[in-house]
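*Asks:* Spelled out from the first residue to the last, the chains are:
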Amino acid sequence: RKEVEQDPGPFNVPEGATVAFNCTYSNSASQSFFWYRQDCRKEPKLLMSVYSSGNEDGRFTAQLNRASQYISLLIRDSKLSDSATYLCVVYAGNNRKLIWGLGTSLAVNP
Amino acid sequence: DGGITQSPKYLFRKEGQNVTLSCEQNLNHDAMYWYRQDPGQGLRLIYYSQIVNDFQKGDIAEGYSVSREKKESFPLTVTSAQKNPTAFYLCASRRVPDPGAGELFFGEGSRLTVL
Numbered sequence: 001r002k003e004v005e006q007d008p009g010p011f012n013v014p015e016g017a018t019v020a021f022n023c024t025y026s027n028s029a030s031q032s033f034f035w036y037r038q039d040c041r042k043e044p045k046l047l048m049s050v051y052s053s054g055n056e057d058g059r060f061t062a063q064l065n066r067a068s069q070y071i072s073l074l075i076r077d078s079k080l081s082d083s084a085t086y087l088c089v090v091y092a093g094n095n096r097k098l099i100w101g102l103g104t105s106l107a108v109n110p
Numbered sequence: 001d002g003g004i005t006q007s008p009k010y011l012f013r014k015e016g017q018n019v020t021l022s023c024e025q026n027l028n029h030d031a032m033y034w035y036r037q038d039p040g041q042g043l044r045l046i047y048y049s050q051i052v053n054d055f056q057k058g059d060i061a062e063g064y065s066v067s068r069e070k071k072e073s074f075p076l077t078v079t080s081a082q083k084n085p086t087a088f089y090l091c092a093s094r095r096v097p098d099p100g101a102g103e104l105f106f107g108e109g110s111r112l113t114v115l
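Here the protein sequences line up with chains A and B, keeping their order.
Under this note's numbering, the first residue of the first sequence is numbered 1, with each subsequent residue one higher.
Under this note's numbering, the first residue of the second sequence is numbered 1, with each subsequent residue one higher.
Hints were generated in silico from the structure; no laboratory data involved.
Warning: the hint list may mix true and false statements.
[As the list claims (entries may be wrong)] Straight-line C-alpha distance at most 25 Å; calculated DSS-like pairs for lysine-lysine:
#  : chain 1 : residue 1 : chain 2 : residue 2
1  : B       : Lys70     : B       : Lys57
2  : B       : Lys83     : B       : Lys9
3  : B       : Lys57     : B       : Lys9
4  : A       : Lys97     : A       : Lys45
5  : A       : Lys2      : A       : Lys45
6  : A       : Lys97     : A       : Lys42
7  : A       : Lys97     : A       : Lys2
8  : B       : Lys14     : B       : Lys71
9  : A       : Lys79     : A       : Lys42
10 : B       : Lys70     : B       : Lys83
11 : B       : Lys70     : B       : Lys14
12 : A       : Lys97     : B       : Lys57
13 : B       : Lys71     : A       : Lys79
14 : A       : Lys45     : A       : Lys79
15 : B       : Lys14     : A       : Lys45
16 : B       : Lys14     : B       : Lys83
17 : A       : Lys45     : B       : Lys83
18 : B       : Lys70     : A       : Lys2
19 : A       : Lys45     : B       : Lys57
20 : A       : Lys97     : B       : Lys71
21 : B       : Lys83     : B       : Lys57
[Said to hold, decoys possible] Here chain B is said to cover these stretches of chain A; the calculated rule only asks that three of the stretch's residues, wherever they fall, bring their Cβ under 8 Å from a Cβ of chain B:
#  : region
22 : 9–18
23 : 96–106
Ideal Cβ positions, reconstructed from N, Cα and C, are used throughout, including at glycine.
In isolation and in its complexed conformation, chain A is listed as follows:
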């Protein structure tokens, strides 16, 4: 089992739709969780940090389910500019490593 797993997609949604991605992790000692956004052939940029049960920032909501070992990212009222790859990143304090998922590709269509 991979340490961090994401559905690669692509997710194709119309503008205004609500879309959700999941990310599962295998290390139960994982402490911190992040969502980064990466545009095509560009560098990743932090979208949200998830330190406790969840976090909300405008149209974006991230939730953490420790029992089932997954985090989710919900995007409401999708915009064309949300088209990107969303990378899930997990930090486990016991090995002090950041583990990057392969990303989920989102395409928002007019």
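Given chain A, put chain B in place with the hints provided.
*Replies:* Just chain B now, with coordinates in the frame of chain A:
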């Protein structure tokens, strides 16, 4: 504006040649990192440095070397010993060394193609 500058953005080299990628930051961050990104793989850590004149191997350090003589600079050399050097290389920094705390800021990346 504060940020991380990587150069060159695109680089073509012949097999067997060493290549040095530049990374400069003016964010006054202590920790700096080099990652490699390949299609179908997550970001993989090559080397990192938490303080000047000190650096540590990451998960895929073989065939690479780094130096950290100044806080602002963390160049990466891709040597001829690296078996598959063609990749997208990303330099990053963080204000504090703890990987679990704080945002990673990335440069725009250097795309290396070995012919």
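*Asks:* Compare the structure with each hint and give your call.
*Replies:* A quick look at each hint next to the structure:
Between the alpha carbons of B/Lys70 and B/Lys57 the distance comes to roughly 18 Å, so the proposed pair stays at or under 25 Å and holds. The hinted pair formed by B/Lys83 and B/Lys9 meets the criterion: a straight-line CA distance of about 21 Å does not exceed 25 Å. Distance check on the hinted pair: B/Lys57 and B/Lys9 sit about 24 Å apart at the alpha-carbon level, within 25 Å; holds. A C-alpha spacing of about 19 Å is found between A/Lys97 and A/Lys45, which places the hinted pair at or below 25 Å, so the restraint holds.
Under the criterion of a C-alpha separation no larger than 25 Å, the hint pairing A/Lys2 with A/Lys45 is consistent with the structure, at around 23 Å. With a C-alpha separation of about 23 Å, the suggested pairing of A/Lys97 with A/Lys42 holds against the 25 Å cut-off. As the CA atoms of A/Lys97 and A/Lys2 are separated by approximately 14 Å, the hinted pair is consistent with the 25 Å bound. Note on B/Lys14 and B/Lys71: the hinted pairing is violated, with a Cα-Cα distance of about 31 Å set against a maximum of 25 Å.
Of the supplied pair hints, the one linking A/Lys79 and A/Lys42 holds, its CA atoms being roughly 19 Å apart against a limit of 25 Å. Proposed proximity of B/Lys70 and B/Lys83 is contradicted: the alpha carbons are some 29 Å apart, above 25 Å. Between B/Lys70 and B/Lys14 the CA atoms are separated by roughly 30 Å; this puts the pair beyond 25 Å, and the hint is violated. Annotation: proposed proximity of A/Lys97 to B/Lys57 holds, straight-line Cα distance about 12 Å (limit 25 Å).
Between B/Lys71 and A/Lys79 the CA atoms are separated by roughly 39 Å; this puts the pair beyond 25 Å, and the hint is violated. At roughly 18 Å between alpha-carbon atoms, A/Lys45 and A/Lys79 fall within 25 Å of each other, so this suggested pair holds. The hinted pair formed by B/Lys14 and A/Lys45 fails the criterion: a straight-line CA distance of about 32 Å is larger than 25 Å. For the proposed pair B/Lys14 and B/Lys83, the alpha carbon gap of about 13 Å is at most 25 Å, so the pair holds.
Under the criterion of a C-alpha separation no larger than 25 Å, the hint pairing A/Lys45 with B/Lys83 is inconsistent with the structure, at around 29 Å. At roughly 37 Å between alpha-carbon atoms, B/Lys70 and A/Lys2 are farther apart than 25 Å, so this suggested pair is violated. Distance check on the hinted pair: A/Lys45 and B/Lys57 sit about 24 Å apart at the alpha-carbon level, within 25 Å; holds. Our distance criterion of 25 Å between C-alpha atoms is met by A/Lys97 and B/Lys71, whose separation comes to about 22 Å.
Using a Cα cut-off of 25 Å, the hinted pair B/Lys83 and B/Lys57 holds, with the two alpha carbons roughly 17 Å apart. With 0 residues having a beta carbon nearer than 8 Å to a beta carbon of chain B, the region 9–18 of chain A misses the requirement of three or more and the stated coverage is violated. Here's how the region 96–106 of chain A fares: 8 of its residues keep a CB closer than 8 Å to some CB of chain B, so the rule of at least three is met and the hint holds.
In summary, the numbered hints that this structure violates are 8, 10, 11, 13, 15, 17, 18, 22.
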